[in-house]
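K.L.:
Each chain, letter by letter, is given below.
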Amino acid sequence: MISFLLNNEPIHISNIDNNCTVLEWLREDKKLSGSKEGCGSGDCGACTVVLAEINKSDDGLNYKAINSCITFMSALDGKQLLTVEHLEEQSQLHPVQQAMVDKHGSQCGFCTPGFVMSMFALYKDRSKGSNDDLNRDNIEHALSGNLCRCTGYRPIIDATLQACDQPAPDKFSKTESDVVQSLKALPDNQGVDGLHLPKSRTELAALINKYPDARLVAGSTDLALEVTQMYKILPQLISTRYVPELNSLTIDNKHLVIGAAVTYSQLQDTLLNEYPELNELLTRLGSLPIRNQGTLGGNVANASPIGDMPPVLLALDATLTLDDGEQSRSLPVQDFFLDYKKTALRSGEWLRDIRIPAKVNASFLSAYKISKRIEDDISAVCAVFNLQVENGVVSNLRTGFGGVAAIPSRCAALETAITGETWNRETMLKGKAILANAFNPIDDVRATAQYRKDMLVNLWQRFWLESQNHNHTELRVLQHA
Amino acid sequence: MRKLIDNNTTPGFSTKSVGTSKKHESADRHVTGKARYIDDMPEPAGLMHAAVAMSDTARGIIRTKDVSAIKAFPGVVDVITAEDVPGHLDIAPVFEGDPMLAHQQILFHRQPWCALLSTSTNIARKAAGLGKLEVDAEKPDLDIHQAHQKQNFVRPTHQMKQGDFEKSSASAAITVSGEVKIGGQEHMYLEGQVALAIPEEEDRISIYTSSQHPSEVQKLVAEVLNIKLHKVTVDMRRMGGGFGGKETQAAQWACIAALLAVRNRCPVKLRVPRMQDMMLTGKRHPFQNSFTVATDEQGVIQATQANINGLCGHSADLSEAIVDRAMFHCDNAYYLGAADIVGYRCRTDTVSHTAFRGFGGPQGMVLAEAMIEAIARKTGEDPLTIRQRNLYGGAGRDTTQYGMKIEHNNLPDLIQRLTESSEYWQRRESIKQFNQQNTVLKKGLSLTPVKFGISFTAKHLNQAGALVHVYTDGSVQVNHGGTEMGQGLHTKIQQIAANEFGLDIEHIEVTATRTDKVPNTSPTAASSGTDINGKAVQNACLTIKQRLADFWAEQNQGNSDAVTFKDGVVSLDKAQIPFADLVQLAYMNRVSLSSTGFYKTPKIHYDRTTGTGRPFFYFANGASVSEVTLDTLTGEYRVDRVDILHDVGTSLNPAIDIGQIEGGFIQGMGWLTTEELLWDDNGRLLSNNPATYKIPAIGDTPREFNVELYPYPNEEDSIYHSKAVGEPPLMLAMSVWCALKDAISSLTDYKEDPKLDPPATPEKVLKAIQALPADSLTVEVLSR
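Residue numbers (our numbering), protein chains in the order written: chain A, 1 to 481; chain B, 482 to 1265.
For the record, the hints were derived by calculation from the structure and aren't laboratory data.
Be careful, since some hints might not be right.
With a straight-line cut-off of 27 angstroms between C-alpha atoms, the simulated DSS-like cross-links for lysine-lysine are [said to hold, decoys possible]:
hint, chain 1, residue 1, chain 2, residue 2
1, A, Lys171, B, Lys504
2, B, Lys1084, B, Lys886
3, A, Lys232, B, Lys552
4, A, Lys171, B, Lys1084
5, A, Lys56, A, Lys232
Quick caveat, the model's predicted, so the values are computed rather than measured.
All chains, please: the whole structure from these sequences, using the hints.
P.N.:
If you want it as structure tokens, here you go:
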């Protein structure tokens, strides 16, 4: 069974197509057609809904916007699902809806329910605790997953400012504790046919053993596309949501241990606390709804050559823990990627966690992403440089690159050549010469091979310039870099 | 009716509606999810779902169509191919060449060749992949240059000529030539293509379609089914975005759904998934335009020769008029002198490109701005100075390349005002300083004007109809031929009707566009929606008002000319009556309370044999100033500030007009910057989903975005002297493209005119920097 609240109505599902998405269920089974399908791939946000879940202190709710078009039903278990139909209170518009009307934030209206739900999530988020003034950056991050083709966004930005700057308690505030109780009262579930919810690594191992072709589901932001875009049938899905080891996030003085099913949103504060230099990359990774669902483990395990995080993990010398339920083993991240979308995972094994070394006074760390669009785009090139300089001499360099080879890669030649050199212009030029011929990238829809090669060289030069930029000249066009 | 309803108009409050920022008539329904699009409609009993199978090759003769595996798939109830079409197979809008399903040959990659019907959308889409099409594949022609060389055109070449180019250019001080390759654009309406067909009694059928042109859908469905037009009723309440992409491209799905519905006697819905939508519907035409322009020493144009090449794809669709409009707009706002403009409609084995906001106008104007930039860099003067010098105006400098006299030209004044309000010259100085101090980042600044011709260039389309009903409670229902795609047409129409009757807009309901209410309508296109339908609605309102005025005058032995309709009250001197009371009285006295309305645009004509005439009723003008900062290491950039002054005449609704201006600007900016369509050598579209085709996101909206309306009425007799606003603002985004060129040019102290073909992706910007001649650089460029 899968149990959740649809607004305030408890829903228990015991029989449903395991490939059914939340959007399909809403529109076709519940006839709630407010949430729209714009793309079916998590790129446009017209399907945005909000999931409320019990917070860490166990006394209230956290509200997160997600893309319902690429979410399987297992993601709902134990949560409250809110859609655009649920925001009105006795036919009074919710403040975010009213602001969209007041500021002329809708034209064709098709993207509007999705925007409204992202704004609602921001509204609820800002209703908790202390609030800085709402600024343009916050709004852009909150709405980064919603495309509008009509308005040019200005009125939507104004509406968000109006509604979310000083959010007053709304109808959901009044019922929050009741919802917490209702959520707690939901049963412990095992899932439905073909969509399993194991509670331990032993159960997970047993399921994988029973269904060797089953696919593991964490955020489903990539996997669901096989269903919605390629029309595949995935006969067995195993959700990693309830396996404790995959969902824990711990930090000791040596490592940050990130469970493979921890979402980007969950790990963001912890990771940025350790490595604030990753802020730009992390906020440009997908969109907020994608980060609310997507996991670091997924980004690693699907071994895409254009994932944003593997280059970071390479440059930070991360290690991976692989598990089969009986034994676990540790592997440096660079040994994990074998070939295009091929990994070192053995049959029956899964990625349990990612261990990132705690920060050891990195002198310079930068993670650069080049894409056609700043928000919600996939890297043409990702380049991460992690450099230690002691007394003007490079004592260590670790690199990570995406989009330039069949797998996320380090550039060992650069690392070796630069280590031991004085960190000066000559060394930078030496690095440029090495990087110019280090990779043989391909032409594709995101960039030509030549541009990718140029970027390797020029981002290295940018890295050097930034390390020399003592008078803080503006060197980037990104406004939140 | 025997007993009249309690009427509900409350007189006595101000009903000023025209000129105020009324909210979109569907705003409350948009934000609550209650606004229904076709896929949201409650499903009729017995609904079945359709999908299409597509070709994997771009060109070739079809050997066999094997649908056996589709038929065998559980849940599939019917399969059709071209052979099953009872009437016309060709659903092309003007000329021939667009089969509903591929017949004997494949014309482009992903062309649909079969359609199927099944019990669910999921089954339909899965089954569609099982069709087997055998084709004698040939290598597709994809290159516009090659098509031109081979004289492979979808329509004959057209020429516009004024004066003698050779003679006028011979003595010129400066001659520059250039070429610009302009990318196409995917519409990316958020609501994809969709249609619902419901068979009615016997051979009648109802169609719900997301279309800018319901009358054409009606006609094509009738032709495909081989029935008369009056058996087909098309209903169109709202589109989730159109932008030209649903002018002709919506018909195919309605036709397929209609045929499947008739064959199987059941309602049929066909919703095209996003990736398919992007691969098998036409886009904005890519263009490749070249020019030779001759000027005097001041950079004032004496003579212009231009070749305009539109990449049309496999068929004509609307390409004849689109390339014409590119030719009509290759002057933008400038007098071209002796002009020789030739437009070619190049045929390639790709999807047939179609209408998109601006309709070729933008691609023509880009050429004009490319010419100006080239002249400016030659003369060494600021491009703004060259632009101002070349604006239409003065004796002998007021005739376009198609012989139309430019009247009421407000651009010199508009540009002057914007130059001041945007502090162009002060910022030009600070940008020069910034560029001297920063070795990595360079700023650019540009002001570009827009002069966009308003009217369909196909004269007969410049007509509109309306049907207005006044009910006995004083409420009014308005129907007209225009369609609502988000642009606020229905809101403006509501305001117009409210203004005419002196009622609050609450009393006006604009209903779905339906072919059984207003027949033989034109597409909602060419920015004409409010201009023509607003006038038609006004015409219908005036007819009803005249009847009511006559009746009220008769009742009071007065003169009907003195009757006024204001604030919910009808007055004849001291004889005042609430509107609804008068309506009831009129009804009881057997006065007709319903009327059609009609409008045709005056003054327009164009002779294609001579390439001269007055194709446009008037021009909508505007100008924008954009400031950009670019990174010379990566080609990345941001748009720092945009200032716009745009001419909508007397604004009917400032919020809606500003919404069109901002939205059009950002859409145009996307076209010229991040939106890059790429095809591989086999004719396969690579940028076929929103993960690979990037329209502007929220962070792309400039942080400083100042938009003002130019505060003067239209001099022509348009509806309340307003001006059309749908398309013109899109072209304001040219200032972003020119500002990027300006920033690159700064590396040469503004001597070089960099070659930057739009869309100016970061990669192309970097390439333009790298392509600057080494000896032209006046500063160190780190990426070289």
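K.L.:
Let me make sure I understand: some of the numbered hints might not hold for this structure. Which ones are they, in numerical order?
P.N.:
4 and 5
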